[in-house]
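Sequences are here, hints too, so could you generate the full structure?
Line by line, the protein sequences give chains V and E.
Each residue of the first sequence is one higher than the last, beginning at -13 in the numbering used here.
Each residue of the second sequence is one higher than the last, beginning at 56 in the numbering used here.
It is worth saying that the hints were derived from the structure and are not from the lab.
Here the structure is a predicted model, which means the values were calculated and not measured.
Treat each hint with caution, since some may be false.
What the hints assert, rightly or not - Straight-line C-alpha distance at most 20 Å; calculated SDA-like pairs for lysine to any residue:
(1) V:K58 with E:G118
(2) V:K97 with E:H155
(3) V:K58 with V:I70
(4) V:K97 with E:A149
(5) E:K85 with V:L126
(6) V:K97 with E:K81
(7) V:K97 with E:A142
(8) V:K58 with E:A142
(9) E:K85 with V:I70
(10) E:K80 with E:P127
(11) V:K58 with E:P117
(12) V:K97 with E:P113
(13) V:K97 with E:G118
(14) E:K85 with E:I166
(15) V:K50 with V:F123
(16) E:K81 with E:H155
(17) V:K97 with E:P117
(18) V:K50 with V:K97
(19) V:K58 with E:L115
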Amino acid sequence: MAIHSDEGGMTLVVKTVTRLTVGLIFLYGVYIVLNGHLSPGGGFAGGVIIALSFMNLVLAFGGKKAVEIVKKNAVTAMESIGAILFLGIALLGFTEGGFFRSFLSQGETFKLISGGTIPLSNIAICIKVGAGLFGIFLTLMVLMGSERKEK
Amino acid sequence: MIHAWLPYVLCALLFSVGVYAVLSKKNLIKIIMGIIIAEYAVNLFLILLCWRKDGEAPILHPGAVGQVMVDPLPQALVLTSIVIGLATTAFLVAIAMRLHDRYGTYDITRIRELRG
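So this is what it looks like as structure tokens:
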């Protein structure tokens, strides 16, 4: 795969700061997803934040190293898994009598474990959106790499 | 004292900034930025439409049961609109990169001849 990576990312300052902050960004995304049924946020917003943490890694450490860790096919597979999970949760509602019907107990209101299947749907949407956004980013990187190569 | 119409005027102003960038700029990247600004001005307009006086964010939490809340429907619409905007922006950027690949410039006045 032709990825643009001349010397492997940015300067030492950027790399060090990224090493410190990227885990925090990822954890914040996970928090937004898991609390999506209680507070603002949810699957889409959390998925975008998680994808941004991966983009941060790619920009700081150069495309080649990141693509070695996360292959583009793996990203596509993750995106499909997210869609299938969401559809599966919706179809499992038929055991309770309808599409998107909650098959879990409702739980205690305003607690983390509540809302039936909505947290699970949020996780599925998070996988779908995060993988999709990161896939778009990787595709643009490949496009830029082929452009540099032709010159 | 903020007048009720002031946010709408500012929203229209933001939209005008976007349209101005699309019409007058020659750099393709700046045109894409103008499209994004106009798009977000429309999103802001839709969010402004659902505002109510003393309204809270439409999320139930233990302290706010039974309070006045803003209309959540335009917010759901705008979330969809943001997703579509993301996809079209990625598409525009990909096309701009392909054009730069062929012509070696982002200047739209120099992208005229058929080449490739």
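Broken hints, by number: 1, 2, 4, 6, 7, 9, 10, 11, 18, 19
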